[in-house]
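Sequence order for the protein chains is P and V. This note's numbering puts the first residue of the first sequence at 5, with every later residue one more than the last. This note's numbering puts the first residue of the second sequence at 609, with every later residue one more than the last.
Don't read these hints as lab results, they were simulated from the structure. Quick caveat: nothing in here was measured; it's all calculated off a predicted structure. For glycine and all other residues, C-beta sits at the position ideal for the given N, C-alpha and C. There could be a bad hint or two in this list.
Said to hold, decoys possible - Derived, one-sided and incomplete: chain V residues facing chain P with beta-carbon distance under 10 Å:
(1) Val640
(2) Leu671
(3) Phe673
(4) Tyr674
(5) Gly676
(6) Thr723
(7) Gln755
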Amino acid sequence: MNELKKLFAVCIVTAFLSPFFYGCGNGEGEGETDGTDTSDMANGDGMTKTPSKAQNIFYAIPSPIELAQLIQKAGAKYNKDLLNSPDNISKYSTNTSKALNLGVYGGDLSYTSVFDDNTQESILYLACTRKLAESLGVGSAFDEKTVDRIQNNTGKNDSLLTIISDSYMTTDELLKESQRENASALVIAGGFIEALYLGTQLAKVTKNNADIITRLAEQKGTLDNVVGLLSSYEQDAGVAGVLADIKQLKEIYDQVKVEAKSASEAKTNPNTKVTTIGGKIIYTITPELVEKLTIKAAEIRTKIISGQN
Amino acid sequence: MKNFLNPARIILIGAIALIPTVGTFAQCKGFVKKQIPKLSPFIHNGQINSSVLLSGDHAELTLTFYSGQTYRIMVTGQETLGDVFFLMKDASKSQLFSSKDQGKTDYWDFTVESTQQLTIEVMVPDVDAPSGLVPSGCVSILVGFKQ
C-alpha cells in the first residue's frame, strides 16, 4: 500500500515538474508534427536525453489588414456594397460558420479601416466580429475597450490597424489556448476568402486593374499555406468541408505561372539596417484564369456568408 | 486500498496531472506577449506562432512576403534553450540571412523587390546537459509589416 502511494507521488511530482523545466526526447512522435502553429506541448513522458531533432511546421497567412492594404495601394476604391451584410449574422449557428464568418467580418473590418473616413462602418463591423467572437467564447478580443480605442483613434490609420491587429492576435491566442486550433484555422481561412473576394470584385470594377490582378496572382503561395493549415485539422468535418472548397481554388491557382528571372540577392542598407532582397519573380495569370478565380471565390464566399458551412 | 482510490482522491490526482498542461500554455502565452511590443513600429500580422521546443529541435515557417512592404521577423527563445538562432531562405533554399552571423540579434528587417515565399528556419542549439536532461522552452516566431 505504501509503495503504491509512493509510486503515485513520484508520478505526480514528475508530471508537475517536467514541462516547466525539461521535456523528454524519447523520439516517439517527434518527427514532423501535424503542422499546428499552436502553443503546443513538449512531450513529458520521460526524463532522459535522446536526440530529438523534431521539426515543427508553422503555417502563417498574411493578415487581412495587409491584404486590404495591398489592394488599396494597387488602386482599388472603397465599395461598401461588397461587404457582408451585418444582417447575415443571425444565419451563423454552427461553430464552423461562426468561425468562418468571424474571419469574413474581420476581413471587412480591415477593408473599412485601411480606407479613410469609414470609422462608423469600422465600428459596425467591429460589432459583428465582437458578436461572433462572444458566441465562440473569445469575446474579450473585441471588447468595449477595443471600441473605445477605435473611436479615440479616428483618422489615425496606423493606430486603427494596430488595434485591429491586437484583436486578431487575442482571438488567435484565446482559441489556441482553449485548444480550438481548428476554429483558429477557420477564422484565418474566412479572412483570406473575404480578402480574395474583395480583390477579385474590385478588379472587375477598376479600370486600370493590372496591379490588383498581380496582387491576386501573388496569392498562389498564400493559398498553399491556407491549404496546409486547414489540412492539419482535416479530421474536423467543418474544416474538411471548407478545405474541399478551397482545393477547387487551388486547382485554378496551380495554373498561375511563377518564374524566377534572376537569383535572389540580399543587400543591407548600412544606415537603415533594412535588407532588400533583390531578384525578379514574374507571376502570370491569364484573363480566363482571373475570371474563373472571380467566379470560384464568389461561390465559396456566398456559401460561407449564407451560413451553409 | 479502498480509501486510497476513493473518488475524491482520483479527482485530485487528475487535477494535479492537468497542471502541467495549463502551466505550459501559460508559460508560452506570457513569453509571446512580452515579445510583441518589440515588433513596433511594425504591425503584427495577428498570428501567434509559438511552440515549446527541445534542445536540438528546429521549426520552420513559410510565408509570402509582398513587394512594396517592409517586414520585421522576430524569433525569440526562452533562456533555457540557449542561443536560439534563425535562417531565412528563398524558394530555392538559398540562404539569405543568418541571425548567427549578426551577433545575438533576434530580428531582421527587410523588403523584397518581388513578391515571394521565404522560409524562416529556427534552430535550437543542441545543448549537452550534464544531467542528461533535455532542456525545453518556448520559442516564438513573430511577423510584422508596414507600408
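These are the hints, each one checked on the structure:
Of the supplied interface hints, the one on valine 640 (chain V) holds, with its beta-carbon coming within about 7 Å of a beta-carbon of chain P, less than 10 Å. At its closest, the beta carbon of leucine 671 (chain V) sits 5 Å from a beta carbon of chain P; the interface hint therefore holds under the 10 Å criterion. Satisfaction of the interface hint for phenylalanine 673 (chain V) is found here, the shortest Cβ-Cβ separation to chain P being roughly 8 Å, below the 10 Å cut-off. Because the smallest distance between the Cβ of tyrosine 674 (chain V) and any Cβ of chain P comes to about 6 Å, under 10 Å, the interface hint for this residue holds.
Proximity of glycine 676 (chain V) to chain P holds as hinted, the smallest CB-CB distance being about 7 Å (cut-off 10 Å). A cut of 10 Å between beta carbons decides the hint on threonine 723 (chain V): the least distance to chain P is about 4 Å, and the hint holds. Proximity of glutamine 755 (chain V) to chain P holds as hinted, the smallest CB-CB distance being about 6 Å (cut-off 10 Å).
Violation of the numbered hints given earlier is absent; every hint is satisfied by the structure.
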